[in-house]
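Visitor: Letter by letter, the chains look like this.
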Amino acid sequence: MSRRRKVSTKNEEKMLVELKKELGPQLIEGYVQRPRRIHIKVNPGAHRKAIEFMRDKWDVWHVSTITGIDLGEKIEVIFHMWKFKEPQTAILVRTEVPKSEPKLETVTDIVPASNFYEREVHDLLGVVFEGHPNLERIVLPDDWPEGVYPLRKDWQPPE
Amino acid sequence: MSLVRIPVGPQHPALHEPENFTIEVEGETVVDVKVRIGYVHRGIEKGLESRTYVQGIFLSGRICGICSNCHTTTYAMTVEEAGGIEVPEKANYIRTIISELERIHSHLLWLGSAGLEIGFETMFMYVWRDREVVMDLLEAISGNRVNYAINIVGGVRRDITPELAKEIRKGLDYLEERTNYYKKLCFEETTIRKRTEGVGVLDTVTARKLGAVGPTARGSNVKFDVRKDDPHLKYDEAEFELITWDTCDTFARIVVRILEVLESIKIVRWCLDHMPKKGDIRPQKIIRRVPEGEAYGRFECQRGELVYFVKSDGSDKPYRVKVRTPTMANILSVPELLKGGYIADVPIALASIDPCFACEDRITFVDVEKERKWTWTKEQLRKYAMEFNRREGRW
Amino acid sequence: MLDKVVKWSRVKSPWVLHMNTGGCNGCDIEILAVLMPRFDVERFGIILTGSPRHADVLLCTGAVTKQMKKRLIRIYEQMPEPKFVMAIGNCACTGGVFKGCYGVEGGIDTTIPVDIYVPGCPPKPEAIIDGVAKLLAKLQES
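Listed in order, the protein sequences are those of chains P, Y and D. Residue numbering for the first sequence follows the numbering used here, beginning at 909 and increasing consecutively. Residue numbering for the second sequence follows the numbering used here, beginning at 432 and increasing consecutively. Residue numbering for the third sequence follows the numbering used here, beginning at 184 and increasing consecutively.
Calculated lysine to aspartate or glutamate pairs in the DMTMM-like style (CA-CA distance at most 25 Å, straight line):
id: 1; chain 1: P; residue 1: 993; chain 2: P; residue 2: 930
id: 2; chain 1: Y; residue 1: 465; chain 2: Y; residue 2: 634
id: 3; chain 1: P; residue 1: 929; chain 2: P; residue 2: 964
id: 4; chain 1: D; residue 1: 253; chain 2: P; residue 2: 1051
id: 5; chain 1: D; residue 1: 252; chain 2: P; residue 2: 1051
id: 6; chain 1: Y; residue 1: 640; chain 2: P; residue 2: 1038
id: 7; chain 1: P; residue 1: 993; chain 2: Y; residue 2: 677
id: 8; chain 1: Y; residue 1: 614; chain 2: Y; residue 2: 561
id: 9; chain 1: Y; residue 1: 709; chain 2: Y; residue 2: 667
id: 10; chain 1: P; residue 1: 993; chain 2: P; residue 2: 960
id: 11; chain 1: Y; residue 1: 748; chain 2: P; residue 2: 984
id: 12; chain 1: Y; residue 1: 601; chain 2: Y; residue 2: 672
id: 13; chain 1: P; residue 1: 922; chain 2: Y; residue 2: 725
id: 14; chain 1: Y; residue 1: 640; chain 2: P; residue 2: 967
id: 15; chain 1: Y; residue 1: 465; chain 2: P; residue 2: 1017
id: 16; chain 1: P; residue 1: 1061; chain 2: Y; residue 2: 723
id: 17; chain 1: D; residue 1: 282; chain 2: P; residue 2: 1062
id: 18; chain 1: Y; residue 1: 465; chain 2: P; residue 2: 1051
id: 19; chain 1: Y; residue 1: 640; chain 2: Y; residue 2: 455
id: 20; chain 1: D; residue 1: 266; chain 2: D; residue 2: 298
id: 21; chain 1: Y; residue 1: 654; chain 2: Y; residue 2: 634
id: 22; chain 1: Y; residue 1: 742; chain 2: P; residue 2: 978
id: 23; chain 1: D; residue 1: 307; chain 2: Y; residue 2: 561
Everything labelled a hint here was simulated from the structure, so no lab data went into it.
Using the sequences and the accompanying hints, generate a full structural model.
Guide: Okay, here's the thing in structure tokens:
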């Protein structure tokens, strides 16, 4: 491993403290995985507050992608944000929604780049992003049946 | 020399299936663009969940044939981080060398195709002939011209011997000389400048807002390069510049890519100078099971930021793999790029974000004023563009 | 007599249409490399065309995705007889590495009949030229 590579996580710890102060009890869990990787888990709905805070306070305007993971009873949605201003770091904002009612508020008004990523999570996992300007089909073929979400664990491709 | 045409797609005007791009025009000017992607959606993320980590490398490398190495490297790096697997030092050097050689191959491929879009077919032929030097080097190192599969979880599969290193240096000297020639060509040749300056403008603020990545963003003066922001492999030690250009148009993107080829040559030379002569390149045993964990990997692919998110559960297959390719990030910027420009500028402006071939074979135009609708293949659009530019004196 | 002339011109100068039905572009760049001065398949008289109505040969790459299936069938139907199909690459032959993925039907022969299979991932330019030579031989016989 190189000597010049950053190994201290002081800056990331400071940022995590600021996030905890801003979100209070809405922040369920937060940890620094390694330099340039902060993970926070928030209540659904609080993700907007977290992303807005990061945009206004730290000039975080880039969302790299949005991941959806089927955890069985719940679907986890992770917003992968990237902070450009020094110290540069990735902040993963995670939240969980019940599979029986997978609804989450959109963040396209805060970070417009999330447009396509929300549509993709909707297509493949069925999460409805309330307030999205055009939540249409994006990656699946046009004749794909409605209500069938291929990335859910209970769906397998036909043999 | 006979004309080379790259034919893609049928030209029947009565076809009513969904198009990749629907461009609304008023006369000659583009007013809006609607994009439909998904023609190449194969279901790879689900496929990766049912393949072992060893098999997954081969699948992820075929998400895109031109950036194949970026995908396998990022997949391997992310799985290694999720499982806490150490990679030998020499393997990191080899990974960096192959990644930069792939960047050179891809940028030269793009430069040739861009030349074709402008109508500069001679440049297309010359650049692709020079690109064969890189293809031969990659074949000598990895055994294949495309889809090298040099990575495995924990290291690389093939070593670079001192003889091979000598061959690489010879190849780099030739490529540097040729790239400097293309750089001079771009700055001095009026055809190229007339066809690309002021075309496909994406200002800095919009580029940031819409999440543009790679040379598309750097050509709009956004200092975004994962090799500098989030160092991995040997990028924090190798000496190279972050290239940006401030004219925010297609010309800027051409310049950024040419200058990046020169920087890549520098990085490969640095790696060859500093790579340990002896050392392990792969783990002692093939790593089948990866301990439980999660990791978020970022990599600077030729087209921009490539991200992988891997969640492992202790078995020999990943629980979830999420891939976001850079073209998906750049497609959101395409409407802004094309709006306000001429129909004739569409081929080169669209090509300047370096999208995958399969994404843009047919384009539908809708004239909102005259309520007319027509579909052109890429070939027809290119022909129209050349005639238009000839008429307007941009030739 | 006219038959012989038509056959001679078809063998001497087959018109080829290239179509990517959902591949990774690896095979496509090797096809383009085959047109370049180093390999130069044009000396065989191959001419690329943009329209299926003028094509003798359909060059397909990539596994057929569900979204592209209808388009592939339509293009095949638009080509005049006699027509030949060349499947280039492992994915075009059998579905390759994507077999089993939900977005993919399989190889080209799940949708249209194939005459020549050129395996490889991607096949080297020399292999593609070999496939072309075998195709010309087949055209001669027909």
